[in-house]
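Got chain C sorted already, so can you dock chain Z onto it with the hints?
Protein chains: 2
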Amino acid sequence: MLHPSNEGSIRHSPLSAIVISSGDVDCIAGLLSLRESQPLAIYADDFVRDVIEGNQIFQVLNRDLVKRLPLPAGPEVELLDVQGEALGLSVQAFPVAGKIPLYQETSDDIRQLSSGKAVIGLSIRGPHNKRIVYIPGCAAVTTDLLHHIEGADLLFFDGTLWDDDEMIRAGTGRKTGKRMGHMSISGADGSMAALAGISVGKKLFIHINNTNPILCADSPQAAAVQSAGWGITHDGMEFHL
Amino acid sequence: MLHPSNEGSIRHSPLSAIVISSGDVDCIAGLLSLRESQPLAIYADDFVRDVIEGNQIFQVLNRDLVKRLPLPAGPEVELLDVQGEALGLSVQAFPVAGKIPLYQETSDDIRQLSSGKAVIGLSIRGPHNKRIVYIPGCAAVTTDLLHHIEGADLLFFDGTLWDDDEMIRAGTGRKTGKRMGHMSISGADGSMAALAGISVGKKLFIHINNTNPILCADSPQAAAVQSAGWGITHDGMEFHL
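For the record, the sequence lines run as chains C and Z. With the numbering used here applied, the first sequence covers 29 to 269. With the numbering used here applied, the second sequence covers 29 to 269.
Same shape as in the complex, but just chain C (with noise of 0.2 Å):
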């Protein structure tokens, strides 16, 4: 969430406000890269915030400056900056089928995968009631889900693997997608196919590992996903609404 409130100081951050959806590295660790004494808002559910606390390094954040927020699933909530001021959007957080982050795996003990509150999704409000909505991570879509998403003027789906197996194959891993808490595009039981009735403005893959063929513009998987109506980011990319 980009907002000039801080602008003046000479450590000037843009950054006035970060939703965060999971607990995993890549959702988690640049907040270790951010000014640790500028003003912020973090917003995240419970689960995260327990990491956040848990996780002494992330006292380097100044917590005089940057505040902890709790975003529940279920209410819409206003974003606010740490004086209070609105910042024109509105976010409402629902669960997503997904797995605990990988630092908090105990065994392969694959009943760690649904944990029902280790992910969420974000349905983000904007001026004009533009709504978009944000799950880079999922493991299987739900009645609930569709819901969340029916309507969306901008969907950003989970698009890490085509196949269930691409990472055990092109010997990049030893997990499976689902394994990992990741659903993958193709088959009967793909995103495409489940995701395929739903009406929204503008469908786009993301959180695409680089095993997944639909990253070659010329591949018949990146053919397959376009002529179902879906979009492939890259990075770069900005979107109007």
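Any given hint might turn out to be false.
Same chains, same names: a pair is fine if it fits in one copy or spans any two.
Said to hold, decoys possible - When the alpha-carbon atoms are kept at most 25 Å apart in a straight line, the in silico SDA-like pairs for lysine to any residue are as follows: (1) K95 to D193; (2) K95 to Q84; (3) K206 to D193; (4) K230 to S61; (5) K203 to Q66; (6) K95 to V53; (7) K95 to G82; (8) K95 to G199.
In short, the hints are calculated from the structure, not lab data.
Okay, now just chain Z, sitting in the frame of chain C:
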């Protein structure tokens, strides 16, 4: 420590070992951006290893492949990769006056500044018996420290600040260098004076804060350190011993 031992893996990383000199965020947060499942040896003293064990997020580095190895102050340790292969470098750690990491501070109590166990310096011996001394943070030059530095071929030394109160004057912070565990370069009690008589091949300031006037090539302060025999480092610099 670069080494080709992992070569051939499709997710090859050229890093075989990492040596950590303090628990500060700038010394350890980078561990979270590494390949999680590639062979790697992490050498650190008890203080830093306690931080890594005490912050669960670092468990993301797969313990089967990423070994946490001891680096006690005192003995010279030959660096090995996780397969036990010598890397051609040995390291001696020694205590340096400094302070505990910012995120461990519980108050502004100045007594926390010199715990005497939170920061180490490194004496690194490579092929041809050449020796590098690496001290990115230092609150005071002691007789013991001079002993470790003396005779090095290359010295990298804490160049955070020129003046103790420069960050306060610049409006970038509310702390003095002393409060942050950094002695300044200038003045009768500064590092230039303390290290004036030292016999080393080449001495360079590192860890230079963006308020430090030696970063301006045409400043009198840059001229002063250079005429005292110091070099000023910058990103991308390379040295061959």
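Results for each hint:
In the homo-oligomer, the alpha carbons of K95 and D193 never lie at most 25 Å apart, since the shortest distance is 41 Å inside one protomer and 28 Å across protomers. Taking CA atoms no more than 25 Å apart as the test, K95 paired with Q84 passes in both settings, with 16 Å inside one copy and 22 Å between copies. For the identical chains of this complex, K206 and D193 are intra-copy neighbours only, at 9 Å inside a copy versus 55 Å across copies, given an alpha-carbon limit of 25 Å. For a Cα distance limit of 25 Å, the shortest separation of K230 from S61 qualifies neither inside one copy, at 32 Å, nor across copies, at 32 Å.
In this assembly of identical chains, the alpha carbons of K203 and Q66 lie at most 25 Å apart only when taken from different copies (15 Å versus 40 Å within one copy). Taking CA atoms no more than 25 Å apart as the test, K95 paired with V53 passes in both settings, with 20 Å inside one copy and 19 Å between copies. Proximity of K95 and G82 under a CA criterion of 25 Å is satisfied in both settings, with 16 Å inside one chain copy and 23 Å between copies. In this assembly of identical chains, K95 and G199 lie within 25 Å of each other by CA distance solely across copies; the values are 22 Å between and 42 Å within a copy.
Checked against the numbered hints above, the structure violates hints 1, 4; every other hint is satisfied.
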